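Asks: Chains as they are written, first to last, in the numbering used here: chain Y, 22 to 159; chain R, 22 to 159; chain P, 22 to 159; chain D, 22 to 159.
Note that these hints are calculated values from the structure, not bench results. On a predicted model such as this, the values are computed, not experimentally measured, just so you know. Hints should not be assumed to be uniformly reliable.
Note that the list lumps identical chains together, so a pair holds whenever it fits in one copy or between two copies.
Said to hold, decoys possible - Dumping the calculated DMTMM-like pairs for lysine to aspartate or glutamate here, alpha-carbon to alpha-carbon at most 20 Å: (1) K121 x E31; (2) K124 x E142; (3) K121 x D35; (4) K144 x E50.
Number of protein chains: 4
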Amino acid sequence: MTEMTVEQIEHFLDEVFPQRMGRIESVGEMSATMRLTIGNEHLRPGPRVSGPTMMGFADVAMYVAILAQIGPEPMAVTSDLNCHFLRAASGDHDIIAHAKLLKLGRRLAVGEVQVVSAADETKPVILVTASYVLPVKS
Amino acid sequence: MTEMTVEQIEHFLDEVFPQRMGRIESVGEMSATMRLTIGNEHLRPGPRVSGPTMMGFADVAMYVAILAQIGPEPMAVTSDLNCHFLRAASGDHDIIAHAKLLKLGRRLAVGEVQVVSAADETKPVILVTASYVLPVKS
Amino acid sequence: MTEMTVEQIEHFLDEVFPQRMGRIESVGEMSATMRLTIGNEHLRPGPRVSGPTMMGFADVAMYVAILAQIGPEPMAVTSDLNCHFLRAASGDHDIIAHAKLLKLGRRLAVGEVQVVSAADETKPVILVTASYVLPVKS
Amino acid sequence: MTEMTVEQIEHFLDEVFPQRMGRIESVGEMSATMRLTIGNEHLRPGPRVSGPTMMGFADVAMYVAILAQIGPEPMAVTSDLNCHFLRAASGDHDIIAHAKLLKLGRRLAVGEVQVVSAADETKPVILVTASYVLPVKS
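Between the sequences and the hints, there should be enough to build the whole structure, so can you do that?
Replies: In structure tokens, the structure reads:
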């Protein structure tokens, strides 16, 4: 069971993170899937998707997975993010982020995100692990 | 001694990485400093500088430090990047990246980047360590 | 299909890494599972398993997964390792490492390792992602 | 100014972390230096110092830097640790860890540790960044 639906999360993000990348495809138990259609601002020559685009996209997918579990929390912020770049992602295809939370404590959430290209969804283009700090509720 | 001057690196990047963030302030022995003036696209509400902006900026500062040492190499790519977010960076001030290479091998370069806010340059806002893969020369 | 069996890898490691931790339970396509029975040298007060024990154990599990794919290679070395500590692991139980390779190139292998406690195998105690550098064959 | 002297920290660690590696050389403002004399249990063939030895040593150096700032706190635990392996460290020489805290908040401490070999203290053998979670005081 999740605390927020896809639609509720999108509305919430429109308020607190309007510049975000991508759209939510689904949320589930401790997980979320998002898709990003690549625009010029996301490109490096090739064209391929730029590293910062993919890291930022993975970051928001983690945030969405957390929101789905804990409800609308604007003060949850990234504490650390580790990214391994595995393969180039063609700029001609969408990228899809699969976020999975491995721990959701009172103060810290930790998860991993695999991003794939729509060109071949079996081969991750980046592997991210990240921690989010959650504010303490009074 | 460096292989490229600031001007030469800027020209090279205009060809291979035109969408990059920031401008180079200086390059030195195994090091580089860059500055980014914050625009709307870099913001989160607050306003503060977004995490992906800071990670991407640190990434290009590492690349510039590498170029300064090895000359124009378009095929050097980020292999992994680790980012700790230390403090919020106000969206009203420039951010400055100080990149330092700790290892420059034939195949792999590893360095760290500290990013500070022009509001208080004594307190890093993020700490990044990253590896770059260098193509083997024939 | 793997290049080496569990028995072959154990023999090879007896030569090149005799101080290693744990024993191999199985190897598969781009994966390996290992088990470690906790001894005094692995403990912190509690008793719980020490962080360095878990990081080192994850590291060797990655190496085993790589060996299973590429054959006996003593010169494959860890390039970077990132570890998130999720939960304490009781010193009274074995720990089990599940290593999965996400990329196996000519020069670089990248994978992730989830370590669980035999006390509750559903909850990872650490999440590791790591890169290994593979020597180029002549 | 530090909250604990080297001698006080060593005594405290004898209680809460008796299996630790190394000895403290000095502590300073947001920093600590430690030295480890290499024994058989730390070796890989070569002989060189094993990766887990170096990661564990960096981890305790971070903890010592934190203790020096906040006083005896047995419940400060590593949250994440990222390690880049730069060079082999000869098993015939001591290794020295230089830990520096970049942030010391109420709940989280973040720092970096450079480990060098006594054979050549100018060339780091590993670069570590890590976060520690600090328990909230009532």
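Asks: All the hints need checking, so say for each whether the structure fits it.
Replies: To see whether the hints hold, each was checked on the structure:
| no. | hint | in the structure |
| --- | --- | --- |
| 1 | K121 x E31 | within (18 Å within a copy, 33 Å between copies) |
| 2 | K124 x E142 | between (25 Å within a copy, 14 Å between copies) |
| 3 | K121 x D35 | neither (22 Å within a copy, 37 Å between copies) |
| 4 | K144 x E50 | between (23 Å within a copy, 15 Å between copies) |
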